[in-house]
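Build the full structure now, drawing on both the sequences and the hints.
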Amino acid sequence: MVPWKDEKATSRMNKQGSRRKSIQVIAFSFLGVASLSALIVLGLILYFMIAQGSKAISWGFITQFPRHRMTEGGIYPALVGSFYLGAGAVLVAFPLAVSSAIWLSEYARTGWWVRTIRVGVNTLAGVPSIVFGLLGFAFFVKVLGFGVSVLAGAFTLALLILPIIIRSSEEALRSVPRGFREGSLALGATQWHTVRTIVLPAALPGILTGAVLGVSRAVGETAPIMFTAAAFYMAKLPKSPFDKVMALPYHIYVMATESPSYWCTKDLQFGTALVLLGLVLTLNLGVVVWRTRLRRRKKW
Numbered sequence: 262m263v264p265w266k267d268e269k270a271t272s273r274m275n276k277q278g279s280r281r282k283s284i285q286v287i288a289f290s291f292l293g294v295a296s297l298s299a300l301i302v303l304g305l306i307l308y309f310m311i312a313q314g315s316k317a318i319s320w321g322f323i324t325q326f327p328r329h330r331m332t333e334g335g336i337y338p339a340l341v342g343s344f345y346l347g348a349g350a351v352l353v354a355f356p357l358a359v360s361s362a363i364w365l366s367e368y369a370r371t372g373w374w375v376r377t378i379r380v381g382v383n384t385l386a387g388v389p390s391i392v393f394g395l396l397g398f399a400f401f402v403k404v405l406g407f408g409v410s411v412l413a414g415a416f417t418l419a420l421l422i423l424p425i426i427i428r429s430s431e432e433a434l435r436s437v438p439r440g441f442r443e444g445s446l447a448l449g450a451t452q453w454h455t456v457r458t459i460v461l462p463a464a465l466p467g468i469l470t471g472a473v474l475g476v477s478r479a480v481g482e483t484a485p486i487m488f489t490a491a492a493f494y495m496a497k498l499p500k501s502p503f504d505k506v507m508a509l510p511y512h513i514y515v516m517a518t519e520s521p522s523y524w525c526t527k528d529l530q531f532g533t534a535l536v537l538l539g540l541v542l543t544l545n546l547g548v549v550v551w552r553t554r555l556r557r558r559k560k561w
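Read in order, the letters of the sequence shown correspond to residues 262 to 561 in the working numbering.
Derived by calculation from the structure, the hints in this document are not laboratory data.
Keep in mind that this is a model prediction, so the values were computed, not measured.
In this text, a Cβ means the ideal position worked out from N, Cα and C, and glycines have one as well.
Wrong hints could be hidden among the right ones.
Said to hold, decoys possible - Cβ pair distances, simulated, as ranges:
1. Phe289 - Phe493: 28 to 38 Å
2. Ala496 - Pro462: 21 to 31 Å
3. Lys316 - Gln452: 53 to 63 Å
4. Lys403 - Phe493: 16 to 26 Å
Listed below in structure tokens is the structure:
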């Protein structure tokens, strides 16, 4: 080969390498700026919420009932009501979602029917929460006769978080190495025994993550419980699943839009929002710690 052609080829390769490095630097810089921007926005939101809401936070705010047309007092019934609704929703949705994920991941044969089900689950995950609220009002409140109650609200929120838990549980089950299943089946175990003793324990951290994400969304929703469970004000805690209940997101909505004394309740509004944010954050941090311990113990 002619020497000047070698030099020309080498020069072309060097230019291409420099161009790739430049593109890589630009791409990484853009990703870094985007990530930093998201963190800055999140930090500003947290700072604003803490600065506005910390004025109202006290032990009495957590443990007292609202007073004087909800311009004083605390959020105890709303906090307990949110716990009832979130716990009820996950108790209903979790076994159904995990069972569905096991069937889709371990038993269902690939075909148009399974693809249709997955499309339906993904579609339900994107449906606005107000639609679930109207569905819950029409079916649980009216048709089944639950009335506006904790039970109707819990079932409605369960429908809301069901696709979220199904998707995350199926992904967790699929992430378990195929060799685990093959080894168990080779030793003579049945498919159900393999799923129950090998696959589920390995996928448990991911399944728990999905469940907590679902509960976090359920606890922060206003529209579904507005039609099915929430009360404007209650002087006592609910005594049965068929009673109405106060809830943190609806309490914020009421004070912000329905209260004639908006400026008198401004600190209470931000304090309630800060408690709700702290509750969701605690749930997520708790599951992260739990998942880390499970992974260390199992060493998957």
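Outcome of the hint check:
no.	hint	in the structure
1	Phe289 - Phe493: 28 to 38 Å	violated (52 Å)
2	Ala496 - Pro462: 21 to 31 Å	violated (46 Å)
3	Lys316 - Gln452: 53 to 63 Å	holds (58 Å)
4	Lys403 - Phe493: 16 to 26 Å	holds (20 Å)
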